[in-house]
Amino acid sequence: MYVAVKGGKRAIDNAHRLLAEERRGNKDVPELTLDQIREQMTGAVDRVMTEGSVYDRNLAALAIKQARGDLVEAVFLLRAFRTTLPRFAASQPIDTGKMTVRRRISATYKDLPGGQLLGPTFDYTHRLLDFSLAEETGDHLPPADTAPADVGRAMPRVLDQLDREGLIESEVPTDNIEPGDLTRDPLSFPVDRSVRLQNLARGDEGFLLALAYSTQRGYGRNHPFAGEIRMGEVAVEIVPEELGFPIEIGEITVTECEMVNQFSGSAEAPPQFTRGYGLVFGQQDRKAMSMALVDRALRARELHEEIEAPAQDEEFVMYHSDAVEAQGFVQHLKLPHYVDFQSELELIRRLRSSFQGQAPAPAAAE
Amino acid sequence: MATSEDFGSTEFGDRRHWMGLFAKTDVGDLEQGWANLSDRPEYKFLRAPETGLVMIRGRAGGTGQAFNMGETTVTRCAVKLANGSTGHAYVAGRNRRHAELAAVFDGLMQCKDYRLMLDGALLAPIERKLVSRRQQAAAKTAATKVDFFTLVRGEDEC
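Taken in order, these protein sequences are the chains called P and V. Heads up: the first sequence begins at 1 in my numbering, then just goes up one per residue. Heads up: the second sequence begins at 1001 in my numbering, then just goes up one per residue.
For the record, the hints were derived by calculation from the structure and aren't laboratory data. Small disclaimer: the values here were computed from a predicted structure and weren't measured. Just so you know, not all the hints are guaranteed correct.
[As the list claims (entries may be wrong)] Which residues of chain V face chain P? A partial, calculated answer using Cβ under 10 Å:
{"hint": "1", "residue": "LEU1053"}
{"hint": "2", "residue": "HIS1088"}
{"hint": "3", "residue": "ALA1089"}
{"hint": "4", "residue": "ARG1134"}
{"hint": "5", "residue": "ALA1139"}
[As the list claims (entries may be wrong)] Below 25 Å or equal to it, Euclidean Cα-Cα: the simulated DSS-like pairs (lysine-lysine) are:
{"hint": "6", "chain 1": "V", "residue 1": "LYS1080", "chain 2": "V", "residue 2": "LYS1044"}
{"hint": "7", "chain 1": "V", "residue 1": "LYS1112", "chain 2": "V", "residue 2": "LYS1044"}
{"hint": "8", "chain 1": "P", "residue 1": "LYS110", "chain 2": "V", "residue 2": "LYS1140"}
{"hint": "9", "chain 1": "V", "residue 1": "LYS1129", "chain 2": "V", "residue 2": "LYS1140"}
{"hint": "10", "chain 1": "V", "residue 1": "LYS1080", "chain 2": "P", "residue 2": "LYS98"}
{"hint": "11", "chain 1": "P", "residue 1": "LYS98", "chain 2": "P", "residue 2": "LYS110"}
{"hint": "12", "chain 1": "P", "residue 1": "LYS98", "chain 2": "V", "residue 2": "LYS1129"}
{"hint": "13", "chain 1": "P", "residue 1": "LYS110", "chain 2": "V", "residue 2": "LYS1145"}
{"hint": "14", "chain 1": "V", "residue 1": "LYS1080", "chain 2": "V", "residue 2": "LYS1112"}
{"hint": "15", "chain 1": "P", "residue 1": "LYS65", "chain 2": "P", "residue 2": "LYS27"}
{"hint": "16", "chain 1": "V", "residue 1": "LYS1145", "chain 2": "P", "residue 2": "LYS98"}
{"hint": "17", "chain 1": "P", "residue 1": "LYS334", "chain 2": "P", "residue 2": "LYS65"}
{"hint": "18", "chain 1": "P", "residue 1": "LYS334", "chain 2": "P", "residue 2": "LYS9"}
{"hint": "19", "chain 1": "P", "residue 1": "LYS110", "chain 2": "P", "residue 2": "LYS334"}
We treat Cβ as the ideally placed atom computed from N, Cα and C, and that holds for glycine.
Bound-form chain V, shown alone (with noise of 0.2 Å):
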């Protein structure tokens, strides 16, 4: 059983990864990988899930000034797992299981002994699993490339 104290070297970036990972799989994944843990530790809400919204910001011109471009659904939750370690989820959409589990995870993988475990277990399939989509939708998208060719018609000629 990990405890609190293996939590606090995590840096920023891994764990902006995990918790983006955890945010765009499906709900299903991370069901799936709460119950394959073998000890599943007691947590209390700090913050239960609830649904809000953020105001998605573009750029004129893709680079220039910053606009509203208008919001999206939102699901939030935090968690405090029995080890002592808080986690927090933000989860586009309105799935609070969703958001709840990512928190737990999020929870779970500042501590060192989930964190080796679920490496394998859970991030890297969910990893393995939003590149492959991407893989797909990238090679149906290749097959319609086109080369446009210009022709000179012919009426100015004879």
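Next comes chain P alone, as it looks inside the complex (with noise of 0.2 Å):
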């Protein structure tokens, strides 16, 4: 049962003006801005997009200074942002085999056609502090360096080798299908593939972090491997209803991860690898390789595979996987709960007497 509570208002103003002064930290520090963020704050403004489910890098910045870089908190905001926008269109499916590849690599091939490009990554750092961070001496940077490179040129998708020998499944458009939409209809299990990789796509980078890292140890496993990772920008593509022609909004970056998984088979069809995909906004190849990974189990269904683990079972990974969910549902037990209490206690009570046979003790002043 819920019962209002009132009153506390001036204290509450108090609390958030109070919030805005610590959140601004010592004034004899600059102020933090938007462009900085931006710019130099890229994870988490790209977490904060995926996570938030929309793609713009000043929004996800404020989100982010508004949140005290707060990553959960932010991408409340930003959804609770995206509410108050109509929707226009749904974009023509983008196309990340066109891909402007600045991050493209393989853990099952080492030589193949485009090469391995690592771009800018942590991958082989040391993970050693590095103090001359804390000067600012950035502007002096050594430029990257560049060699020649073979623009306009599509880059081939690794899993397409394995497909032209049909040694993997193949991944067909199914374009009569309008992909369900969890935004606008209640979940109902089972579900659609497509709706489970816009949970996914959008579900907390820790939950699926330790989802996947569970089927790796034992629960649910289905030996993967990274086929391709692959980090760029693709153009968004529309065809407004006044034009009636595909016409590109912009570019966004995207990484996109595919895992190959251990084969199935059955007694009419022949063995062949199976495919885990994680596709998120910016560079985040933690997220996307944890969505495959989670895609992978989430299909033990489908696949005629025993669903024995957590990460197997779809109802458990969808319902526990969106953090602005999650955090509203624990975090509520802040909220005053005074009268739910005072009834509990008050059973306690009266369970405590008749246990020790004694008549009921006078109920507690209010």
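Assembling the complex is the task here: the two chains are given apart, and the hints tell you how they should meet.
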């Protein structure tokens, strides 16, 4: 039962003013600008855009500033803002095959057409704190090296090699089927893979990372290899009703991960590799890989695997992946529950007195 | 001064191309292009700039079943130029001025006289800039190309 609580307006206003002051911090230190966050905190911006489910670097930067760098809070702010805007259209599916690639690696083939391009990565760094960054010397950085590049040639997909030989399941478009949209329709299980991928794309990175890890440790093992991870820019196209032909509205940065997983086969079908897929905004290998591992685990039903681990249970995963929902329900425990608690208190007093064979004690004064 | 009779012959392909360039370039380029015009036509809004969302779709495995990945902000605008030509714009982000100028230039590009002039004065520089940006990124990326090699570890020898 919910009972409303009134009052506390002045305290709340003052608490928010105090928050604003603390957010600003020491005024001898220059205030953080949105440009600085957008340009120099790109990992945070990418995560907030992905989980906030809105690609807008400036809005994400604002959310991060307002949330004092609390990224789950920033995701919440972005999700709330999103509900104030009308949706004009759905895009044509982005073509990651035509990506302007800035990073592309494969753990399954050493030599591959187009090569292994590390791009701007934390991989192979020593994870030693770099104290030179404690000084503001960035403007004197030597420029990044360059090498001759073949612009305009599409980077072939690594898994196409396996596909051509029939060694991996094909991914065939099914354009007559409108993809599900969990922002419009309530979840109803079992769900289509399109809804699962949407849920995972906006799911909390920490939750998905832990689930992905659990599959590697044996809770729904599916023997993954990172077939390809690529990051770069793709065009977003829509077909406005008033025009009737597709136009580009801009470019977005995405990270895509294609996992190659253990074979499946049956009496009718020969054994072949299976796939897990991850696609996120910005540069986020860890999130894209986690998404791909969990996507594959959630395909257990479709691939006739036994469902025995949390990562394979779509209700469990999809109902708990959303950080905004999860934090809301956990944090609502902070709000006044005085009346609820009073009734529990009374109940336990009654139970105790009947346990001790005594008459009920008089209720405590309110 | 171009007239409305001049437009209508424009093929979708060209229009798609310039609309894409206006959307992708920086608003400053369009502002500069507008300032550089000697003959700036009057226009009125058929649809004043308004911001909304576009749901971005991806495909499972890059080529398979479509799914809703997440949205992007977008601003759209439609204008009617004094000569009768209509311009449209959909531009990712929330910059109203960007959408307005993109719509105006879309309208102008449909008039033959303006188009002859803007092809060289506006479109070509924008295209060069976007290509050069892409080339620079590609050249930096190319410098990070690795050749992994595998080594046979000698534990089983001797």
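Verification of the supplied hints:
| no. | hint | in the structure |
| --- | --- | --- |
| 1 | LEU1053 | 5 Å, holds |
| 2 | HIS1088 | 6 Å, holds |
| 3 | ALA1089 | 9 Å, holds |
| 4 | ARG1134 | 6 Å, holds |
| 5 | ALA1139 | 4 Å, holds |
| 6 | V/LYS1080 with V/LYS1044 | 5 Å, holds |
| 7 | V/LYS1112 with V/LYS1044 | 20 Å, holds |
| 8 | P/LYS110 with V/LYS1140 | 21 Å, holds |
| 9 | V/LYS1129 with V/LYS1140 | 17 Å, holds |
| 10 | V/LYS1080 with P/LYS98 | 35 Å, violated |
| 11 | P/LYS98 with P/LYS110 | 22 Å, holds |
| 12 | P/LYS98 with V/LYS1129 | 20 Å, holds |
| 13 | P/LYS110 with V/LYS1145 | 12 Å, holds |
| 14 | V/LYS1080 with V/LYS1112 | 16 Å, holds |
| 15 | P/LYS65 with P/LYS27 | 16 Å, holds |
| 16 | V/LYS1145 with P/LYS98 | 19 Å, holds |
| 17 | P/LYS334 with P/LYS65 | 24 Å, holds |
| 18 | P/LYS334 with P/LYS9 | 17 Å, holds |
| 19 | P/LYS110 with P/LYS334 | 53 Å, violated |
When held up to the earlier numbered hints, the structure conflicts with 10, 19 and fits the remainder.
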